[in-house]
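Undergrad: Listed here are the chains, written in short residue letters.
There are 2 protein chains.
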Amino acid sequence: MLQLGASSLSANDITALLLGIAILLGLARILGERARRYRQPSVLGEILAGIILGPTIFGALSTYLVAKGFLSHNLFELIFPLEGGEKIALDGFITISATLLLFVVGLEVDLSTVIRQGKEAIAVSLAGIVLPFTFGFVIAWYLPDFLGAGPRGIGEDGQLPFAIFLGIAMSITALPVIAKILLDLNIAKSDMGMLIISSAMLNDLVGWIGFAIVLALLPVTAMVIPDPAAIHSATEVVTDAVNNTGSSQVVTTILITLVFLALMLTLGRLACHKALPYVQARWSWPGGVLSFVICISLICAAFTEYLGIHSIFGAFVAGVAIGDSTHLSERTRDTINQFIMNIFSPIFFASIGLRINFISEFNISIVLLVLVLATVGKVSGSYFGARLAKLGKREASALSFGMAAQGAVGIILGQLAREAGLINDELMVAIVVMALTTSLISGPIMQIILRLQHQRKLIDFLTDKQVIIDPTSTDIMQTIGELSKRAAEITNLKAHDIYKAVLQRERIMHTGLPGGLAVPHARLDNLPKPCVVIARHRNGIDFDAPDGKPAQIIGLLLTPTDQPETQIELLSLFAKSFSRNEIRQRALEIKSPTEFLAVLNQAAAEEAEATSPH
Amino acid sequence: MLQLGASSLSANDITALLLGIAILLGLARILGERARRYRQPSVLGEILAGIILGPTIFGALSTYLVAKGFLSHNLFELIFPLEGGEKIALDGFITISATLLLFVVGLEVDLSTVIRQGKEAIAVSLAGIVLPFTFGFVIAWYLPDFLGAGPRGIGEDGQLPFAIFLGIAMSITALPVIAKILLDLNIAKSDMGMLIISSAMLNDLVGWIGFAIVLALLPVTAMVIPDPAAIHSATEVVTDAVNNTGSSQVVTTILITLVFLALMLTLGRLACHKALPYVQARWSWPGGVLSFVICISLICAAFTEYLGIHSIFGAFVAGVAIGDSTHLSERTRDTINQFIMNIFSPIFFASIGLRINFISEFNISIVLLVLVLATVGKVSGSYFGARLAKLGKREASALSFGMAAQGAVGIILGQLAREAGLINDELMVAIVVMALTTSLISGPIMQIILRLQHQRKLIDFLTDKQVIIDPTSTDIMQTIGELSKRAAEITNLKAHDIYKAVLQRERIMHTGLPGGLAVPHARLDNLPKPCVVIARHRNGIDFDAPDGKPAQIIGLLLTPTDQPETQIELLSLFAKSFSRNEIRQRALEIKSPTEFLAVLNQAAAEEAEATSPH
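Line by line, the protein sequences are chains A and B.
Following UniProt numbering, the numbering of the first sequence begins with 1 at its first residue and continues without gaps.
Following UniProt numbering, the numbering of the second sequence begins with 1 at its first residue and continues without gaps.
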């Protein structure tokens, strides 16, 4: 197709836009699912996808291949260009993604808990701000050149805003990242989860307001802009700073923000609660509510963006106000949640790594200094605040690491400061590395501190190879033989040894269970880890079950002799997984090992949903 | 916030982007729901929202208010600017919306039906192309100046491409619009619906390929570009036309498109069918499948955009390939459907009216000529084709009006031709008016021809005023008195007359039903239309029901004497609406008339879902 002019997207732009979003989404979800399998928050894999697709790896590789003549075009620059229509359209889509993500995060907030924890939240967030802010302010004040102050962050006029900025950069908390981590760890609705979210919310509010002050303080004169391309924007920045963010303007912004927050959480919340039944009575259902709530969140997002506080705050506040209503049905929540968490959220997190080369701009001293000061300051400050708020030591530690996740918000602030000429690229990379590292470690550390353990599921023990569909066997011996043979291939033990051990156990008493199940099992000395092999036998084998039914789903459960508890765990997992008649029925209808696993996975998800508190 | 440079979105851009999307979505949904209440396809209201928000009304009003000094800024230009970052970002979002919409449309296509109808589809689409194409070609060939040929559409070199273009513009069918109309009318899955969709698909394929030929034929020299801003793009158009769309290039594009189509519908379809169980077995459920299918659709969309055939085709084909798999669960379909049809689709349709002033560029002769020729040509051509394919007269008529909807595709083509200097603004408006008019009328006309009647629901008879929550009455007489009084306010009859008539009926036999329901009713001579008043009585009134339970939901049903069938209809609607124990329970828990209606609306939607063929 055609280039429609400077203000339109060309066919190439659209191709790159769609492909770019598809690749971001695809890789982010693949790595996110991988992280989840290693029991990590999926946001970890999603951010990693961005680093891989960004200039650090994909970009560098493209450049290399072009230089070597293997590629005629730089693929990275084609798909994720640094300027032009597609970049703007992609940025717009990512902004909308971030906004919707924060809306979902807001929906999850239980306002009554937050209000109940008001005092604690203030303690945690203030203590969590003061300490890292001081660290950042002091080193920035004394070592601006070493740290990487930009052209407008040095000299008499630049020293103060640069120091304040670094203080803020050290003390900000990433609401979206931490909320996602809490959701992933399934503790977002716990008291501690809510305390972290309310503290982070206060924290960010203070941070953004502080950043507005930095902009107001920026020197108008004495500009040394090294990059000619930046002159235009920097000039505008200054004009903006003078016109819009003078000190009285800053005070006004703060006041309006607080009024907006107060109004939304009182009148706005009530209005949504009153409006929802009307929409549900008069509009198509459930689609009407869906449009309504997304519309409200976008309007609030636009409003806070207009105030200069960033769109994600408005969306978050809208989510809190709407999510509180008992009239928002489970089904609407679920549709919003599924679509946003599986489409928009991965795209947003992957986008973080998309604009930075983590190798060329890497200065180890600055990175370490920023990382250590931010982590130590934030963790110890929040810990102190949490202890003040009378939390136990374990909870206070977990919370303090939760508060340390800087994520996207730190990066957005850094980006703004870099564009304003306040910091240089090396400091920018240090801030990004710090933000990513804290985001990456806070989940796992919280998990360790809180001794959170994912309950294992039967499917965690299974691969395609461990499922046999319709074996040819016609009696118990043959069936155990087939299962043992497959187990032998997987464990490298001898099939005959397995067979003998299982048969020995079977001779004591047959292992048929009611409902067409059977669990032949054995403990083996030289087995390094548990091994499960399942046969789906459509004709059924008589395993002498109490209800007399032939076994159609037969699970061979082998466990190491020194792990007696694992045998119990596997037996109960197997029985529980197939306890519902519907699941057994579905398992009988499928045609391949993969489909068998799909049934199990789906059943586990349904089980988890049915038992979730929400 | 700050302007980050020419290739980034400023805070103002982001504010306008979020606000613009919110306003488009909000008004489109409000008018869409309104259209639905008048039993029209909701797309009608959605397109109308765009015309209201576009330059025609909102834009003109803003300009007027600024000129009069009532506004300091032109609100329309702030929210929907004609150039700059926000416009590009909004265009990108709209492109993605159109792509996802077509994906859902594709999901709904039942491939086996399309294949079964292959011959018919070819007849319908070819006949539907030949006639309007001839009309368009002939008048364009002889009257280029009158019609509004652009600078490159006149003279010896321009005559042929201009004539071909107008032929194509007359014969194109709008897949997204027509598909939405069919979905709205609930006949997308009928044989005729599938035939319309398969014909429209073939039709568009031919149309787009034809348009590529037009571009190849465009004269390189003899350019007279009146608008200096267009020079840049027009130059590029020519370069594109020469470099990329030479005749061998055209053939290649056609071949690759056909190969892509064939591969996706065979191997791609099989691959998706095989991949879905894997994703469902290994990824989180149901989110994993959601990401997977959206990702595939975006990749296919990018590929067809790259080919020059427009992204929506790839998404559509991906939808067809994936939707065919039995492994795509009902729940995943539902989440995709709800989110896309209620968020992306209204935004896309509203966007159509956003760039055109329908008043200033309106030339009645051209508009009428284009409208009449396109409609007559398309309708009679498709009718002829449908009769050839052995459809009955009624079905053939309905189908021919279905094929006449030109919608967005006609507009996109017109837009491209206008930017290429092939047509002028007046012809562009005529094409848009024709596209919109045909889109607006085709749904209602089909509805009339097919005598489609929406089954009425109880809620269609009710407003807040017709629901009484917890009246103070304690016996039958008082209750009927209260209900009659409310009915009198609504109907302007005398309360006493109603009371007397109802009581008379009640004396023959009490109207209590099992499950806590009661239906006092009467036929009245001077009642112009049926009137229902429902009382939700928490304590219950004894209406002598067979099961002895006091009535807690009491429906007063008044019908005109000359409509005996309406009384039966209302009685059965009332009984059916509250037949499920769960619904009665919910109705007892609510606190206001609106909430009561919300319960009814939700119940009706659940009912419709449970009985839908899908």
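Check before you lean on any hint, since a few could be wrong.
As the list makes no split between identical chains, a pair holds if one copy fits it or if it spans any two.
Claimed, not checked - Under the rule of at most 20 Å between Cα atoms (straight-line distance), these lysine to aspartate or glutamate pairs were calculated in the DMTMM-like manner:
| # | residue 1 | residue 2 |
| --- | --- | --- |
| 1 | 591 | 324 |
| 2 | 274 | 464 |
| 3 | 576 | 606 |
| 4 | 500 | 145 |
Read the hints as simulated data drawn from the structure, not as lab findings.
Computed from a prediction, not measured in an experiment: that's the story for all the values here.
Undergrad: Each hint should be assessed against the structure and marked as holding or not.
TA: To see whether the hints hold, each was checked on the structure:
no.	hint	in the structure
1	591 <-> 324	between (45 Å within a copy, 18 Å between copies)
2	274 <-> 464	between (51 Å within a copy, 13 Å between copies)
3	576 <-> 606	within (13 Å within a copy, 31 Å between copies)
4	500 <-> 145	neither (74 Å within a copy, 94 Å between copies)
Violated hint for the displayed structure: number 4, the only one.
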